[in-house]
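**Q** All chains should be modelled from the sequences, with the hints used to inform the complete structure.
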Amino acid sequence: MNTDTEHTKSESEQDRELIARAAGNNVTAFEELIKKYELTVYGIARAFMGNDPDAADLAQDVFIKIFKSLKSFRHESAFSTWLYRIVYTTFVDYKKSGKAKNIAVSVPIDDAVNIAAPGDDPGISAQKEQVRDIVSQALLMIPENFRLPVIMYDIQRFDYQEIAEITKTNLGTVKSRINRGREMLRKKIVENWGNIS
Amino acid sequence: MNEQRIVEALNNMKPAELPAGFDQNLHLKLAETAQENVKPASVFSKFTTSFNSNYVLVYAFSTAMFLLIGLAGIQKMMNTTTTQYAGEKSAVILSADKGAGSLTTCAATDSVGLNQESYLRLNFKSGKDIKGISFEVTLPEGVIAVGQEGNSRKVGWNTSLVKGENFALIKVKGAKSGDWQLEVRIKKDGLEKQMKRSVKVTGV
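Just so you know, the sequences run in chain order A and B.
Note that the first sequence covers residues 6 to 202 in the working numbering.
Note that the second sequence covers residues 3 to 206 in the working numbering.
Calculated directly from the structure, the hints in this document are not laboratory data.
Watch out, some of these pointers could steer you wrong.
To be verified - Simulated restraints on C-beta separations:
(1) B/115 with A/79: 40 to 50 Å
(2) B/179 with A/21: 37 to 47 Å
(3) A/44 with B/10: 21 to 31 Å
Unchecked claim - Among the chain B residues that face chain A by a calculated CB cut under 10 Å, a handful are:
(4) 33
(5) 125
(6) 129
(7) 160
Said to hold, decoys possible - Here are the simulated DSS-like cross-link-like pairs (lysine-lysine), alpha carbons at most 30 Å apart as the crow flies:
(8) B/165 with A/73
(9) B/202 with B/175
(10) B/31 with A/41
(11) B/173 with A/70
(12) B/133 with A/193
(13) A/133 with B/16
(14) B/16 with A/41
(15) B/130 with A/41
Note that the structure is a prediction, hence the values are computed from the model and not measured.
Every residue, glycine too, gets a C-beta built ideally from N, C-alpha and C.
**A** As structure tokens, this is what we get:
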């Protein structure tokens with residue numbers, strides 16, 4: 006099924022040509038082809054792994070895997086959907102393989118006091134920055150099959166339909182995972198940083 | 003913290019930026035993968051039909067560099083180290099000698115055409131796996147980094163090294179003719195190692 010939404014657009018003639026050349030082992034064509042996906046893939050990897058070195062390793066692993074698999078792409082779905090499906094499965098497998106090195110860091114409860122007491126905070130933006138840091142760290146604490154849909158929907162702004170196609174699940178399951186993922190996040194934040202107001 | 007605030011924080015996460023050297027390292031891995039994909043029995047026919055001329059040049063250049071670097075590395079290891087140390091001791095020793103757990107670094111004396119883009123290849127040989135190591139390359143006046151936002155003379159990245167050969171490619175452009183030196187700084191746990199390498203920009 007092809008949709009034409011923000012992340013999973015049908016490929017253009019130029020893309021088709023690049024895909025064919027890249028499938029023929031042409032590195033330059035492949036680099037041109039993936040240029041528009043690099044930042045999104047890296048952004049997902051960064052949020053998923055929680056640090057730059059692991060994210061760079063993972064994003065590069067996934068692009069190598071895509072390069073090796075291009076010959077098997079049959080244009081049965083949009084190229085972007087196929088690409089993100091490899092991203093999704095590689096990320097989940099990467100965690101299972103034990104290659105991931107990230108360690109979720111807990112901030113002592115005292116550090117949350119600044120957030121709970123805006124009057125003591127030097128500024129709203131600094132407070133928001135702290136909240137984003139805490140949410141980023143809490144993301145690493147929830148299971149991958151909930152973390153990835155939350156990252157894709159709430160950070161990278163994929164829509165439900167795109168995520169359903171990429172993960173090969175139905176819309177209901179996607180919505181449920183995102184809602185449950187957010188709830189898990191909330192619980193992890195309360196467990197580790199207290200009830201931040 | 004309620005769910006609305008969590009969603010707001012997620013929606014407003016800073017956009018990720020590709021780390022410096024990401025594309026160069028990916029290029030190298032892709033080039034190695036492409037080479038593995040070519041069966042030895044038909045290397046020549048596939049090579050000429052599958053790769054465009056630019057890539058062949060880059061690949062030929064990389065291969066030539068690899069050979070030069072290998073020779074330079076062996077010669078370097080035979081000689082006394084010229085590297086400098088900012089720290090005394092560390093769990094990971096950065097040195098140019100042949101000791102266990104050591105990291106040796108070398109780059110061939112390199113040549114870049116004036117106003118031409120090319121890849122400088124740095125070769126790092128590590129005696130063991132090293133995580134959390136950072137590299138900073140300061141380019142001389144005659145060479146600028148390509149595709150680098152902001153300071154085009156400094157290229158930095160964080161990475162891990164595996165035991166054995168490791169490589170980094172830096173895409174550069176010759177800006178001014180002459181013989182120049184680039185500086186490589188390697189940092190790990192407060193220890194810093196510096197070294198200088200020659201690069202020549204040819205043409206008028």
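**Q** Hint by hint, work out which the structure violates, then give me just those numbers in ascending order.
**A** 5, 6 and 15
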